[in-house]
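Take these sequences, add in the hints, and give me the full structure.
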Amino acid sequence: MAAVTSVGETPAPTAASRPRGMHVRRQRRLNVFRYVVFTVFGLFFLLPLLAMLRFSLEGSKLGTWSLSAWKEIASYQNTGVPPLLSAIEVTLELAVITSVVTLVLLVPTMIWIRLRVQWLERTVEFLCTLPLTIPAIVLVVGIGPIYNRIQHYSVSALMLFWIYVILALPYAYRALAAGLGAIDVKTLSEAARSLGASWFTVMVRVIAPNMRQAILNALLLTFALVLGEFTIAYLLLYNDVLQPELFAINRNTPNAGVIFSTSFAALLFAFALLLILSYAGRSRRGRG
Amino acid sequence: MAVAATTETGARPARAGRRLSVPSWAGTVPFFAYVTVFLLWPTAIVVVDSLKNPSGSWAFANITKLADPLVRGYFIGSVKLCLLSSVFGAVFGAILAYAVAIGNPDGLIRRLYIAVSGVLAQFGGVTLAFAFLVLIGPVGLLFHASWFYSFPWGITVIYTYFQIPLMVLVFLPAIDGVKVQWREASENLGASAWQYWRYVGGPLLTPAFLGGALLLFANALSAYATAVAWEDQIAYIVPQQIGIALSSEVGLSNVNVADLLALGMIIMMAVVMTGYALLQRRAARWLR
Numbered sequence: 499m500a501a502v503t504s505v506g507e508t509p510a511p512t513a514a515s516r517p518r519g520m521h522v523r524r525q526r527r528l529n530v531f532r533y534v535v536f537t538v539f540g541l542f543f544l545l546p547l548l549a550m551l552r553f554s555l556e557g558s559k560l561g562t563w564s565l566s567a568w569k570e571i572a573s574y575q576n577t578g579v580p581p582l583l584s585a586i587e588v589t590l591e592l593a594v595i596t597s598v599v600t601l602v603l604l605v606p607t608m609i610w611i612r613l614r615v616q617w618l619e620r621t622v623e624f625l626c627t628l629p630l631t632i633p634a635i636v637l638v639v640g641i642g643p644i645y646n647r648i649q650h651y652s653v654s655a656l657m658l659f660w661i662y663v664i665l666a667l668p669y670a671y672r673a674l675a676a677g678l679g680a681i682d683v684k685t686l687s688e689a690a691r692s693l694g695a696s697w698f699t700v701m702v703r704v705i706a707p708n709m710r711q712a713i714l715n716a717l718l719l720t721f722a723l724v725l726g727e728f729t730i731a732y733l734l735l736y737n738d739v740l741q742p743e744l745f746a747i748n749r750n751t752p753n754a755g756v757i758f759s760t761s762f763a764a765l766l767f768a769f770a771l772l773l774i775l776s777y778a779g780r781s782r783r784g785r786g
Numbered sequence: 009m010a011v012a013a014t015t016e017t018g019a020r021p022a023r024a025g026r027r028l029s030v031p032s033w034a035g036t037v038p039f040f041a042y043v044t045v046f047l048l049w050p051t052a053i054v055v056v057d058s059l060k061n062p063s064g065s066w067a068f069a070n071i072t073k074l075a076d077p078l079v080r081g082y083f084i085g086s087v088k089l090c091l092l093s094s095v096f097g098a099v100f101g102a103i104l105a106y107a108v109a110i111g112n113p114d115g116l117i118r119r120l121y122i123a124v125s126g127v128l129a130q131f132g133g134v135t136l137a138f139a140f141l142v143l144i145g146p147v148g149l150l151f152h153a154s155w156f157y158s159f160p161w162g163i164t165v166i167y168t169y170f171q172i173p174l175m176v177l178v179f180l181p182a183i184d185g186v187k188v189q190w191r192e193a194s195e196n197l198g199a200s201a202w203q204y205w206r207y208v209g210g211p212l213l214t215p216a217f218l219g220g221a222l223l224l225f226a227n228a229l230s231a232y233a234t235a236v237a238w239e240d241q242i243a244y245i246v247p248q249q250i251g252i253a254l255s256s257e258v259g260l261s262n263v264n265v266a267d268l269l270a271l272g273m274i275i276m277m278a279v280v281m282t283g284y285a286l287l288q289r290r291a292a293r294w295l296r
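Protein chains in written order, with the working numbering: chain A, 499 to 786; chain B, 9 to 296.
Don't take every hint at face value.
[Said to hold, decoys possible] Covered stretches of chain A (chain B as the covering partner; in silico rule of three or more C-beta atoms under 8 Å from a C-beta of chain B): (1) 587–598; (2) 660–671.
[Stated by the list, open to error] To spell it out: a stretch of chain B is covered by chain A in this simulated footprint if at least three of its residues, at any positions, have a beta carbon under 8 Å from a beta carbon of chain A; those stretches are: (3) 29–40; (4) 52–59; (5) 104–116; (6) 132–143; (7) 220–230.
[Said to hold, decoys possible] Over 12 Å on every C-beta distance to chain B, these chain A residues come out as not near it, computed from the model: (8) LYS559; (9) THR562; (10) SER566; (11) LYS569; (12) ALA572; (13) SER573; (14) GLN575; (15) THR577; (16) GLY578; (17) SER584; (18) ALA634; (19) ALA680; (20) VAL683; (21) ARG710; (22) GLU727; (23) THR729.
What the hints contain is simulated information worked out from the structure, not anything from laboratory work. The C-beta atom is built at its ideal place from N, Cα and C for all residues, glycine as well.
Structure follows, in structure tokens:
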């Protein structure tokens, strides 16, 4: 905050006498301030990533370069940990299931509430943002007994999707609420209804296609969340999921190159997802 | 003809609805059922179990165990870490947000920083701890920080990495909401830049800034994966100790330790998030 104030302070004395010169000089100082800030923060954000990239390219001898850690992603196996590739597969499947279930649960509910039962809107919003207040580490304590029952039926790590949907609710809700807010639901539904559409048709063929962008956003955010989730999978002892797997590999073989290449690949993947999100958002605005 | 048809088809679904006599809120039952089972029930389990003995009888005196020196130590550790990382995150994040906001609204730098912030704010967890380990840890490329494993400084640096981008995301809209006209009006009335920030800009942005800082506090409080990947032998903060208590029920006798710690976290989160909601409402008064 101090820097913000001092930057604002600089042009003060000449404000009345030479407004034009002041403006130019203030602009220049602001630009210097901006580039210094961008450089410093850019370095802070980039350096840890670059260090990770360098470690993923480390050869067998210190200081050499090699791609072996990246090739190992497909084949890494060690005693005491599940094969890395299977953990990646499980995590991707989990991400797909979680995003689909989240959307199937949330999209019809939110549209229906906007159309017919608006008095429930605040309640649903509250419930959907609640997982931000009840962190995963708290949730995992209470979910233990429930997962004991689930494990009677299936011990597959894919069953984690039940709780991952809850973790995804705040992000999916916000994305979908923004999409719903941007279209005139009332007019659209009245028009469709007056043309004889059923409520089902209104939701599936009128409203949902108009919020395609928001649905895509919710999908990608949920996907990225599942890729990075550690707490619940680890503490419920589902060790064949990506993040607990990486943690276990590092415990077995500290600083194994493969954890850096896999982490970096996962990060790039998440970044690509969110870039798609931001790019798709721009192209839609451009058309409208 | 057309009018008659419209009236008839328009009226039909309403009649059908009445005939089935299904209330319109019935469409939201799946959502509420899901949230009840996987969010509200686990939370209730935590609250109830924390007030019971492991044998199952009620013991409301358990709540006083939160003041037990051992338990208190973890909470003090959590508060220390959350305070430090949220203050650094909020101050640096605000500076960065300001530098982003005064630039070209459609510029590349702004787009880049917002997209990157979106990714990095979610980039906690195991990967982040690995990245800092190979940057400044015992095997660090940049330097070997002797304080890397010291609490709270080592972990504060790591937490700040995801706190700054989150602050950028929540504070940028507030800065964007400050209208140029207010600055011009105060300059026309002869205010210096310092006076502008002291009496106009500062007070306008303060609620948004404090709200952002509180959100960062809550964010740090609920983080678990980063802390565990940084240090999994010694517990400094509540989430670490919950993790340890879940895997081995030792420590306080006659208390469900994990549940009790989780209850303490729920209480802290509720206080912080209530403060955040109030400040957000206050901030929204001017900045829309």
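Quiz item: Far enough from chain B: is every CB of that chain over 12 Å from the CB of SER584(A)?
Solution: holds (18 Å)
Exercise. May I ask you to check that THR562(A) keeps its beta-carbon over 12 Å from the closest beta-carbon of chain B?
Key: Label holds. Min Cβ-Cβ 14 Å, cutoff 12 Å.
Quiz item: So is SER573(A) really clear of chain B, every C-beta pair being over 12 Å apart?
Solution: Consistent with the label, SER573(A) stays out of reach of chain B, its closest Cβ about 21 Å off (over 12 Å).
Quiz item: Under a C-beta cut-off of less than 8 Å, do 3 or more residues of the region 587–598 of chain A approach chain B closely enough to confirm the stated coverage?
Solution: With 0 residues closer than 8 Å to chain B, the region 587–598 of chain A misses the three-residue bar; violated.
Exercise. Given that the region 104–116 of chain B was listed as covered by chain A, double-check it with a C-beta distance under 8 Å for 3 or more residues.
Key: holds (count 5)
Self-check item: Beyond 12 Å from each Cβ of chain B, as asserted for ALA572(A)
Solution: About 19 Å separates ALA572(A) from the closest Cβ of chain B, which puts it past 12 Å; holds.
Quiz item: Closest CB-CB distance from SER566(A) to chain B, is it above 12 Å?
Solution: About 17 Å separates SER566(A) from the closest Cβ of chain B, which puts it past 12 Å; holds.
Quiz item: Since ALA680(A) was said not to touch the interface, does its Cβ keep a gap of more than 12 Å from each Cβ of chain B?
Solution: Holds: least Cβ distance 16 Å, greater than 12 Å.
Quiz prompt | Least C-beta distance between ALA634(A) and chain B, which was stated to exceed 12 Å | solution = violated (7 Å)
Self-check item: Claimed clearance of chain B by THR577(A), with the beta carbon kept past 12 Å
Solution: The claim holds: THR577(A) sits with its nearest Cβ about 20 Å from chain B, beyond 12 Å.
Exercise. Take a quick look at LYS559(A) and tell me if its Cβ sits farther than 12 Å from every Cβ on chain B, holds or violated.
Key: Holds: least Cβ distance 15 Å, greater than 12 Å.
Self-check item: Consistency of the no-contact label for GLN575(A), given chain B and a CB cut of 12 Å
Solution: holds (20 Å)
Consistency with the previously given hints fails for numbers 1, 18, 22, 23, ordered from lowest to highest.
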